[in-house]
Structures are given as structure tokens and as C-alpha cells.
Amino acid sequence: MLELFITFAKIGCFTIGGGYAMIPLIEEQVVSRKKWVTQEELTDLIAVAQSCPGIFAVNLSIFIGYKLYRTRGALVCTLGTALPSFIIILLIALFFQRFREYAIVNSIFRGIRPAVVALIAAPVFRMARAAQITLSTMWIPAVCALSIWLLGVSPVYVILLAAIGGYTYGQLLK
Amino acid sequence: MLLIQLFIVFLIIGLFGFGGGYAMVSMIQGEVVTSNHWLTTGQFTDIVAISQMTPGPIGINTATYVGYSSMVQAGYPAWMGILGSFTATFAVVLPSFILMLIISKFLLQYKDHPVVESLFIGIRPAVVGLLIAASLLLMTRENFSSPGEDAWQFFISVFLFLFAFIGQRVYHINPIRLIALCAIAGAILL
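Protein chains in written order, with this note's numbering: chain U, 1 to 174; chain B, 1001 to 1190.
No lab work stands behind these hints: they were computed from the structure.
Keep in mind that the hints are not guaranteed to be accurate.
Claimed, not checked - Below, simulated BS3-like cross-link-like pairs (lysine-lysine); rule was C-alpha separation at most 30 Å, straight line: (1) B/Lys1105 - U/Lys67; (2) B/Lys1105 - U/Lys174; (3) U/Lys67 - U/Lys10; (4) U/Lys174 - B/Lys1111; (5) U/Lys67 - U/Lys34.
None of these values were measured; they are calculated from a predicted model.
Excised from the complex, chain U in its bound form (with noise of 0.2 Å):
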């Protein structure tokens, strides 16, 4: 439990920029060393993730901590992903107000930005084999990126027409 705590509050604390930062740290942490959950289970748990109302990074979190402790484990994943924030919040509320007018901390979010693009461009590939995708169903993928990136359409809509497609497909095959 305890551990789980920790895992998460570390996550927590090196998630710059929304939510799919969060993936590549969870991929390493929860998915390569400790393996909690599989490279499928979490490639489902981001959809399921996106698809629910809230914050995506503690959705994520709650799914894992149900999975090994139920209940209280979810709990403990909250509050691990919640509680660095938190407190870095409050700090720079309480105390440093003008915390964005220091040059060094610009310069350093300058140097971060461009690195968790790359780190949320990384996993792709592994989700790609994690989901099985072949030369024939690549299409699946590109349309996705496609309309969300150009046509700006939810991802959630997105998700459920994959969804229907699927369940569409499954049928057809029996």
C-alpha cells in the first residue's frame, strides 16, 4: 500500500502538462517494473479513462489501486497522484506569488515542454503492438489522430465509434 502511495506521488510529481504526460511514467513505473497491469490493460484504461467525466491522470490512478487493493487502493492512488499538487499549489499560492516572473523557472519549463511531447509521442509504438494493429487496420489509428488533430472532434465521440465498430465487427464475425 504504502508503495503504491509512493509510486503514484512520484508520478504525480514529474506529470508536467495534463494528463498524457502521465502515460510514459506509468508505462515505466506500473507497467514495466512493478507490473501491476499489462501494456493491454492500460491501453483499455486509457480509453475508459477518456471516456469518464474528471481528471484523466486520477482515473488512471483509481483503476489501477481498485485493481490490487480494491477499494482502499483506489483511495490510496487518489490521494497519491492528488497530493503532490496539492501541496505545490498551496506552497506557491501561500508564498510565491510571483513565482512565474523568475527567468530560471521559464527556462526550465522551456527545456521540459518539448520533452514531454516526446515522451507522450514514445509509447505509440508500443501501444501499436499492444493493440495489434497490422498494415491493414493502420487506418484505424490515422483516422483517429486525424480528425481529433484537424477536424477537432472529442475524443470521446471518437472512442465510442471505435467502440461501435468494434461491437459491429464482432457480430459480423459470428
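For chain U, the structure is supplied; the task is to place chain B on it using the hints.
For chain B alone, coordinates are given in the frame of chain U:
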């Protein structure tokens, strides 16, 4: 009083906040700035900027900060501000916590059911697309600068992007270490 209002507003945001941190931020703005006037637009913009720059999910950061600032702005002392930030953060997490518990239970129970399996056969490739879209959407001038604007920053940004990408893909360097290294590089070079 304000504490109860904060709780209700953030509970609603947590319940209807589909589509990730940024969608949530615009909902928070609507409630906190436009409807309730707890904060001005300028104050809110600063809060969002700091929430993006600090570690942790943007939704949690914004809720914590707005909870604190709204209380202090209304004339309450700092300790009441802390209570406000706790209330807002708790309220924003509560709905998805309950919902995700139910879904987790269902998923673990029925993951081998043929219908659930066929749903995920469609969903899995879509998630790959989601990740591609997420990285494309982040390749902006804001994150990388541009050759015309600041060639040096653009060049370093592209270099750090490639460094982190190859470091993770080929050499499997720990992501935390990669972020720390790029932070140091940023402090020295940018």
C-alpha cells in the same frame, strides 16, 4: 456560504468535465469568473498558467488554486483559503472517483465477456490514434518556439525532443530522469 458554493460548483465540474484538463479549465472559468465573479479574468489566467507549469494534473492544480484564491479574495484569512482549496479539490475528484470505482469493478469482472472484448477490439486502435493526436496537438509554437521567432530556442527544443524520444524509445532511460535532464538543459541553454 462560499465554502459550500465552492463545493457544489466543483462537484458539478467534476461530474460533467469530459475531455480532459483543458476542457475542464474552460468550465471552471465559466463558473468562477463569468457566473460567480469570485475571480477576475486576469487572476484566472495567471492561475491557469501556473497550473500548467507546475507538476500534477491541470484539473487538480486549477481547482486547488481557485479554491484558495476565491476564499482569500472574498476577505477570508489564509487558513480559510487552505480549507477552500481542499474543498474544491475534494469536490472535483469525488464524482469521477465514485464512477471509476463502479467501472473498474465492472471491467475486472466482465473483461473476458465476448461483448466487452469486441468493444475493446475497436477501441484499442483508436487509443493509439488518441495518443498520436495528443502529441501532434502539443507540437505548437508555444512549446517549441519557431525558427522565425527564436531560432536558438527552436533548435534546442527540437534537439531536446529528439533526445527525449530516442532516450525513451531506444535506450529506455527512465522518463523522470529524462525530464530532470531537460530541465537542467533548459536552465542552462534557454
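Hints, verified against the model:
Straight-line distance between C-alpha atoms of lysine 1105 of chain B and lysine 67 of chain U comes to about 8 Å, which keeps the hinted pair within the 30 Å bound. The straight-line distance between the Cα atoms of lysine 1105 of chain B and lysine 174 of chain U is roughly 28 Å, inside the 30 Å bound, and the hint therefore holds. Of the supplied pair hints, the one linking lysine 67 of chain U and lysine 10 of chain U holds, its CA atoms being roughly 19 Å apart against a limit of 30 Å. Between lysine 174 of chain U and lysine 1111 of chain B the alpha-carbon distance is near 19 Å, which keeps this suggested pair within the 30 Å criterion.
Between lysine 67 of chain U and lysine 34 of chain U the alpha-carbon distance is near 14 Å, which keeps this suggested pair within the 30 Å criterion.
Comparing the model with each earlier hint shows no violations; every hint is respected.
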